[in-house]
Amino acid sequence: GENVEQHPSTLSVQEGDSAVIKCTYSDSASNYFPWYKQELGKRPQLIIDIRSNVGEKKDQRIAVTLNKTAKHFSLHITETQPEDSAVYFCAAAESNTGKLIFGQGTTLQVKP
Amino acid sequence: DAGVTQSPTHLIKTRGQQVTLRCSPKSGHDTVSWYQQALGQGPQFIFQYYEEEERQRGNFPDRFSGHQFPNYSSELNVNALLLGDSALYLCASSPLGGRKETQYFGPGTRLLVL
Numbered sequence: 001g002e003n004v005e006q007h008p009s010t011l012s013v014q015e016g017d018s019a020v021i022k023c024t025y026s027d028s029a030s031n032y033f034p035w036y037k038q039e040l041g042k043r044p045q046l047i048i049d050i051r052s053n054v055g056e057k058k059d060q061r062i063a064v065t066l067n068k069t070a071k072h073f074s075l076h077i078t079e080t081q082p083e084d085s086a087v088y089f090c091a092a093a094e095s096n097t098g099k100l101i102f103g104q105g106t107t108l109q110v111k112p
Numbered sequence: 001d002a003g004v005t006q007s008p009t010h011l012i013k014t015r016g017q018q019v020t021l022r023c024s025p026k027s028g029h030d031t032v033s034w035y036q037q038a039l040g041q042g043p044q045f046i047f048q049y050y051e052e053e054e055r056q057r058g059n060f061p062d063r064f065s066g067h068q069f070p071n072y073s074s075e076l077n078v079n080a081l082l083l084g085d086s087a088l089y090l091c092a093s094s095p096l097g098g099r100k101e102t103q104y105f106g107p108g109t110r111l112l113v114l
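So the sequences go chain by chain: A and B.
Just so it is clear: in the first sequence, position 52 is 52 by this note's numbering, and no numbers are missing.
Just so it is clear: in the second sequence, position 105 is 105 by this note's numbering, and no numbers are missing.
Some hints could be false.
As the list claims (entries may be wrong) - Below are the SDA-like pairs computed for lysine to any residue, each with C-alpha atoms no more than 20 Å apart in a straight line:
1) A:Lys99 with B:Glu54
2) B:Lys26 with A:Gln45
3) A:Lys99 with B:Lys26
4) A:Lys42 with B:Arg22
5) A:Lys111 with A:Val87
6) A:Lys71 with A:Asn3
7) A:Lys57 with A:Thr24
8) A:Lys42 with B:Leu96
9) A:Lys42 with B:Glu54
10) A:Lys68 with A:Asp27
11) A:Lys68 with A:Lys111
12) A:Lys68 with A:Val87
13) B:Lys26 with B:Leu96
14) A:Lys99 with B:Ala2
15) A:Lys42 with B:Ala38
Please keep in mind that the hints were generated in silico from the structure rather than gathered at the bench.
So that you can see chain A by itself, here it is in the shape it has in the complex:
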């Protein structure tokens, strides 16, 4: 069935370093890939998304890349700050179905 694998499960970086989180999906019909940030006790917050007609998308310090052939997509955070510390989830969906399949999450810790 549909599956999204996310790695690593935990990631610790020094403030100012970059962080990369990778996801792999199984359903070749997937063409929408959002990333959510969830701070402790808070709601998942949509931080960036990409559709399969685009290979890369940037928003300030955050970027997402997509390799549809390999069914891989990644989140890149540059110049990390302590407030970037949270759990990050990737997800995949077939366009306009609304059924998001989530990865298991990555706990990012940014050390000051």
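Following the hints, position chain B against chain A.
Relative to chain A, chain B alone:
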């Protein structure tokens, strides 16, 4: 502009009981999706409602049912509660006329089944 709201915030039930959770979508949104998030896991899709009908369903038993009202708000009902139903229940809404996969989450209802 209020975001997605959910009630109650926390709930404690015992095995075998029934529970109803509520969700109000963001203004301008007409589609509501429900997810179950177990501790330390990613959200799992339960079902999605728009135009007052269930449109998509994940791999959840019939004990999980829902409803959508004409004002787009939604309820999630769980019957015959099991210990394993303890989780954070999230609803997400999508914009009217927009893409259903673009979803904004509410704060969730934390359900504990004893």
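Status of each hint after checking the structure:
no. : hint                  : result
1   : A:Lys99 with B:Glu54  : holds, 12 Å
2   : B:Lys26 with A:Gln45  : holds, 14 Å
3   : A:Lys99 with B:Lys26  : holds, 18 Å
4   : A:Lys42 with B:Arg22  : holds, 18 Å
5   : A:Lys111 with A:Val87 : holds, 15 Å
6   : A:Lys71 with A:Asn3   : holds, 11 Å
7   : A:Lys57 with A:Thr24  : holds, 18 Å
8   : A:Lys42 with B:Leu96  : violated, 25 Å
9   : A:Lys42 with B:Glu54  : violated, 27 Å
10  : A:Lys68 with A:Asp27  : holds, 11 Å
11  : A:Lys68 with A:Lys111 : violated, 33 Å
12  : A:Lys68 with A:Val87  : violated, 25 Å
13  : B:Lys26 with B:Leu96  : holds, 10 Å
14  : A:Lys99 with B:Ala2   : violated, 24 Å
15  : A:Lys42 with B:Ala38  : holds, 14 Å
Checked against the numbered hints above, the structure violates hints 8, 9, 11, 12, 14; every other hint is satisfied.
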